[in-house]
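2 protein chains.
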Amino acid sequence: MVKRRRRKAFKAPTYEEVIERLEALGRVVVDQIMKGEKPYFEIPVRSLANTIWDSRRRILRLGSKKAIRDFFSINESKKFMQTVLMLSLMLRARRENDYPTIRDLYYTGKHTIEYVDHLGRKRTEETWYDQRESNAIIQDIEVMTGILREHMGIMHDAKGKIVGNVIIRSKGYRIDLSRLGSGAYAIPPNPDRLEILEVDAEYVLVVEKDAIFERLNEEEYWRREKCVLITGKGQPDRSTRRMVRRLSEEFGLPIYILTDCDSFGFYIYSVYRSGSISLSYESERLATPDAKFIGVAVTDIYEYKIPKNYIIKATERDLKRAKELLSYPWFSSKAWQKQLKLFLKRKEKIEIEALSGHGFKFLSHRYLPEKISTGKWIE
Amino acid sequence: MVKRRRRKAFKAPTYEEVIERLEALGRVVVDQIMKGEKPYFEIPVRSLANTIWDSRRRILRLGSKKAIRDFFSINESKKFMQTVLMLSLMLRARRENDYPTIRDLYYTGKHTIEYVDHLGRKRTEETWYDQRESNAIIQDIEVMTGILREHMGIMHDAKGKIVGNVIIRSKGYRIDLSRLGSGAYAIPPNPDRLEILEVDAEYVLVVEKDAIFERLNEEEYWRREKCVLITGKGQPDRSTRRMVRRLSEEFGLPIYILTDCDSFGFYIYSVYRSGSISLSYESERLATPDAKFIGVAVTDIYEYKIPKNYIIKATERDLKRAKELLSYPWFSSKAWQKQLKLFLKRKEKIEIEALSGHGFKFLSHRYLPEKISTGKWIE
Chain A
1 MVKRRRRKAF KAPTYEEVIE RLEALGRVVV DQIMKGEKPY FEIPVRSLAN TIWDSRRRIL
61 RLGSKKAIRD FFSINESKKF MQTVLMLSLM LRARRENDYP TIRDLYYTGK HTIEYVDHLG
121 RKRTEETWYD QRESNAIIQD IEVMTGILRE HMGIMHDAKG KIVGNVIIRS KGYRIDLSRL
181 GSGAYAIPPN PDRLEILEVD AEYVLVVEKD AIFERLNEEE YWRREKCVLI TGKGQPDRST
241 RRMVRRLSEE FGLPIYILTD CDSFGFYIYS VYRSGSISLS YESERLATPD AKFIGVAVTD
301 IYEYKIPKNY IIKATERDLK RAKELLSYPW FSSKAWQKQL KLFLKRKEKI EIEALSGHGF
361 KFLSHRYLPE KISTGKWIE
Chain B
1 MVKRRRRKAF KAPTYEEVIE RLEALGRVVV DQIMKGEKPY FEIPVRSLAN TIWDSRRRIL
61 RLGSKKAIRD FFSINESKKF MQTVLMLSLM LRARRENDYP TIRDLYYTGK HTIEYVDHLG
121 RKRTEETWYD QRESNAIIQD IEVMTGILRE HMGIMHDAKG KIVGNVIIRS KGYRIDLSRL
181 GSGAYAIPPN PDRLEILEVD AEYVLVVEKD AIFERLNEEE YWRREKCVLI TGKGQPDRST
241 RRMVRRLSEE FGLPIYILTD CDSFGFYIYS VYRSGSISLS YESERLATPD AKFIGVAVTD
301 IYEYKIPKNY IIKATERDLK RAKELLSYPW FSSKAWQKQL KLFLKRKEKI EIEALSGHGF
361 KFLSHRYLPE KISTGKWIE
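As you go down the protein sequences, you meet chains A and B in turn. Just so we're aligned, residue 1 is where the first sequence starts under this note's numbering, counting upward by one. Just so we're aligned, residue 1 is where the second sequence starts under this note's numbering, counting upward by one.
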């Protein structure tokens, strides 16, 4: 076996660079004030209307629309101040080498401003009432600086796990992801600070469900089939998606996504592949346009003769979701249109585990190897 | 620093022993039949009524009530057959070295029985309609054999993560949990197959929230404070609880539980410490009666002067839960009664992150070290 050569080395911005970029953003405002101008931020709009499907690059990305957040506009001044406040908290954390969570940032920034209104009454106002407000500001700063919160040392839940013939380096340690026994490597909130040194694998298998990941890991599917095994536990978080993207981009590994055969599973596949609407500004770093859907496909229900009593009736929500998917440009391939139409017609779904009807070994010894060797995936 | 010596070596049953125990259970039924007796299983009752608080051992455990599951009783015959079916699936998996998930077992066992009723009509019946049915049978087999499903090689979701100066061995690999960089070791579904070789730590810090775990890991709190860091991500799963228990039992490490200051957080602490009602038959292996609650305590809101706007109003559900906790014998200590009564009186809760109001470093550089060194925990 030939080890995969790295195609492209990835370098996350250093914390010095992060500090520089955050300071530069602050300096823009300072400069405006020093020149006697009205201070404002110019922020790429993160709304659905400014999300576009880039058919050449096959990802969802943010359009070019920008908004002005003006300190002297009544509607915008609070948000302007929130932006300055959050920027200062982020900078403080980086300068003092702290790793706050997004919730820590919410609390640290939360305080009460007392003021006297135009009728002389004492009033109070919170800097923010809800974490949604502070999270939105974090996202604004991400799009303005082009630096992900992960690069800024901001922490959040991390769901992903990975195993396989991969050697990474983190904080100076060389970690061999094939020597973790029954356990796995929990992907940290910022996988860009991991260096992927060596990969000795033929493909990456991304599994929707954690229990299936555990099973395939326990039986060392990844060793037998020479692959890297990853799970994002349902709807994947940013770290898992970033890890998948890096393995595709830096090592040219084919990526196969295994999900349940239902609208939610199809959607999860599309989030790995094309990005999500709510995080479209990050697709350029998180989406993996070459990812392939390996199943479970709607046609598999019939081709693999899934017993009738393993088939579940699709819910109204499933059908509504499937109709939406049908109209998305990133599901416009002939193969996907066929799957979705069949799903809507038969109104039937199954789970990955339904394949166990053919025996516990069926999934890992036949279904997956067969689909990969004969190229029966869907794009 | 002196490495912790192992007090007690733990040995999980080997797969040979598991097969023997499962076969022995089947043989009981065969013997009954061969002797011309009516076949039956004798199953410890897993209901709330048979759950008792063992005040000496300070855990919730199953009482001695047993039920007879009789093949020739109309009410019991289906469950009897389900038990034999599940037992055969578990045995097959072990004999063939497979690692099915509980959902795989549900599907593999699911089939339609066709029969003709007393009026000559063709009828059908499913072996089970719902995974709750098959899961209950798995639990029955666990209590009858005294072998946990994990020992039987049955897989399920695993949420836990661990880092620290701990060396484990799994599948022949020696894994150093202090050399994982920004990542962590994802605890496998069956931590009993891990051998804990060495521990060089003074205590175990169990964190409710994953994001806090990630933060403390990134800043290497565990290295600075010489501890083992674990998270079970909210309500802990069996594997995380088992891992905590093993560190307490085998290495005599003090265990500190850090949760939000609300009824859910207090309950999570009690699950680690005393066990849960629904899994009381496993408390003997999963509960850690010496675990201590390190916070966030209700009194901390006032002692640490948490700013007013960080305090959240307790919901009706919080208050109802707190009233229940007040009456549980495992919350009967003076210290806990004081906390719960204050909670009910003030109707105020806070999150761990609220401590960030005193700066990002407050939790890890002051709150935790101070509480541990001055013994300000709650039992």
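For the record, the hints were derived by calculation from the structure and aren't laboratory data. Take these hints with a grain of salt, some might be off.
Pairs count within a copy or across copies, as identical chains cannot be separated in the list.
[To be verified] Okay, derived cross-link-like pairs now, BS3-like style, lysine-lysine, Cα gap no bigger than 30 Å in a straight line: (1) Lys35 with Lys305; (2) Lys78 with Lys361; (3) Lys371 with Lys35; (4) Lys171 with Lys226; (5) Lys308 with Lys122; (6) Lys78 with Lys376; (7) Lys79 with Lys11; (8) Lys371 with Lys66; (9) Lys361 with Lys347; (10) Lys78 with Lys308; (11) Lys323 with Lys35; (12) Lys361 with Lys11; (13) Lys122 with Lys8; (14) Lys159 with Lys292; (15) Lys66 with Lys305.
Each hint tested on the structure:
For the homomeric pair Lys35 and Lys305, neither the shortest alpha-carbon distance inside one copy (73 Å) nor that between copies (42 Å) is at most 30 Å. With identical chains, the CA atoms of Lys78 and Lys361 are at most 30 Å apart between copies only, with a shortest distance of 28 Å across copies and 59 Å within one. Taking the closest pair of Cα atoms, Lys371 and Lys35 never come within 30 Å of each other, the shortest separation being 64 Å inside a single copy and 51 Å across copies. Taking CA atoms no more than 30 Å apart as the test, Lys171 paired with Lys226 passes in both settings, with 27 Å inside one copy and 18 Å between copies.
Only between protomers do Lys308 and Lys122 lie at most 30 Å apart by alpha-carbon distance; the minimum there is 18 Å, versus 69 Å within a single protomer. Taking the shortest Cα distances, Lys78 and Lys376 never come within 30 Å of each other, neither inside one copy (54 Å) nor across copies (41 Å). Proximity of Lys79 to Lys11 under the C-alpha cut-off of 30 Å is found in neither arrangement, the shortest distances being 33 Å within a copy and 59 Å between copies. Taking the shortest alpha-carbon separations for Lys371 and Lys66, neither the intra-copy value of 45 Å nor the inter-copy value of 49 Å comes in at or below 30 Å.
Taking the closest pair of Cα atoms, Lys361 and Lys347 come within 30 Å of each other only inside a single copy of the chain (28 Å); across copies the shortest separation is 54 Å, beyond that limit. In the homo-oligomer, the alpha carbons of Lys78 and Lys308 lie at most 30 Å apart only across protomers (21 Å), although the nearest pairing inside one protomer, at 58 Å, exceeds that limit. Taking the closest pair of Cα atoms, Lys323 and Lys35 never come within 30 Å of each other, the shortest separation being 54 Å inside a single copy and 61 Å across copies. Taking the shortest Cα distances, Lys361 and Lys11 sit within 30 Å of each other only across copies (28 Å), while inside one copy they are farther apart (41 Å).
Taking the shortest Cα distances, Lys122 and Lys8 never come within 30 Å of each other, neither inside one copy (59 Å) nor across copies (66 Å). Taking identical chains as interchangeable, the C-alpha atoms of Lys159 and Lys292 lie at most 30 Å apart whether they share a chain (22 Å) or sit on different chains (27 Å). In this assembly of identical chains, Lys66 and Lys305 lie within 30 Å of each other by CA distance neither inside one copy nor across copies; the values are 52 Å within and 42 Å between.
The structure fails hints 1, 3, 6, 7, 8, 11, 13 and 15 (numbered hints given earlier, in ascending order).
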